[in-house]
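These protein sequence lines map, in sequence, to chains A and B.
Per our numbering, the first sequence starts with residue 2, numbered consecutively.
Per our numbering, the second sequence starts with residue 1292, numbered consecutively.
Source of the hints: derived by calculation from the structure; they are not laboratory data.
In this text, a Cβ means the ideal position worked out from N, Cα and C, and glycines have one as well.
Warning: the hint list may mix true and false statements.
Chain B side only, calculated, beta carbon under 7 Å to chain A, not exhaustive [to be verified]:
(1) P1299
(2) F1303
(3) G1333
(4) F1379
(5) E1394
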Amino acid sequence: GDSVTQMEGPVTLSEEAFLTINCTYTATGYPSLFWYVQYPGEGLQLLLKATKADDKGSNKGFEATYRKETTSFHLEKGSVQVSDSAVYFCALYDYKLSFGAGTTVTVRA
Amino acid sequence: DGGITQSPKYLFRKEGQNVTLSCEQNLNHDAMYWYRQDPGQGLRLIYYSQIVNDFQKGDIAEGYSVSREKKESFPLTVTSAQKNPTAFYLCASSIGEGRVSTEAFFGQGTRLTVV
C-alpha cells in the first residue's frame, strides 16, 4: 500500500543553519504530497504541498520539490530560526491521507 | 468560523469500557479521517471516510469503530478490544477528489487515558 518514509530525528541545529528533512514515498500512482508542521502545544497545519511531478511547494522560506523519478519530496530551508522548532510531517494523498513518522527539529539560538 | 471540532479534549475511562470520541466539521468537506498519534510513531490512520454512509479501515483499525451518518460528523468508538487505547487522537477533514486533495484541517485532538 501507499506509505511515506521520512528521516528520523531528532534534528538539532543552530540558528541560520541549513535544514533538510528527507521524505520518500511509495504509491501506485501519482499522489499529492504535503508537508505539515506541528508547533509546540499546537495542532497540525499545512506547511506546503505539491500535486504533480516537478511541482515545487514553498511557504515561510521552506521548499520541497515533487520528484517522481526518485519518489521523493525533501523539505529544505536555507536559514532556520528558533521559531522553526517543531515537528515536521511528510504526507501523501492517494484516495486517503497517510503520514510519515515525523521529524522533531530544534533550533538553538 | 469554519473549522473542525473534537470533544472532549481530555477523556479518562476505565479499562474494558467503550468510549466514543466526537468529531464535527462545518467546512462542507466530504473526506474525514481519524489518526492516532503516539510519541515517535507519527500519525497512524485508523479509519477514513470519503462520503456519507461509507468508510474504510486504515492501517490500525482493530479495536476501533466509526460511523458516518452525516457529512458533518465522524465519531470514533474505542472499544474494549483495543489493546492499548491510551493515546492522542486526531480528527481531520479535507476536500478529496480522486488522487488530488486540498489541505487537510485538523481538530485540536482528544487525549484518551485508560486506567
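| task | Against the earlier hints, flag every one the structure doesn't satisfy and list their numbers going up. | result | 1, 2, 4
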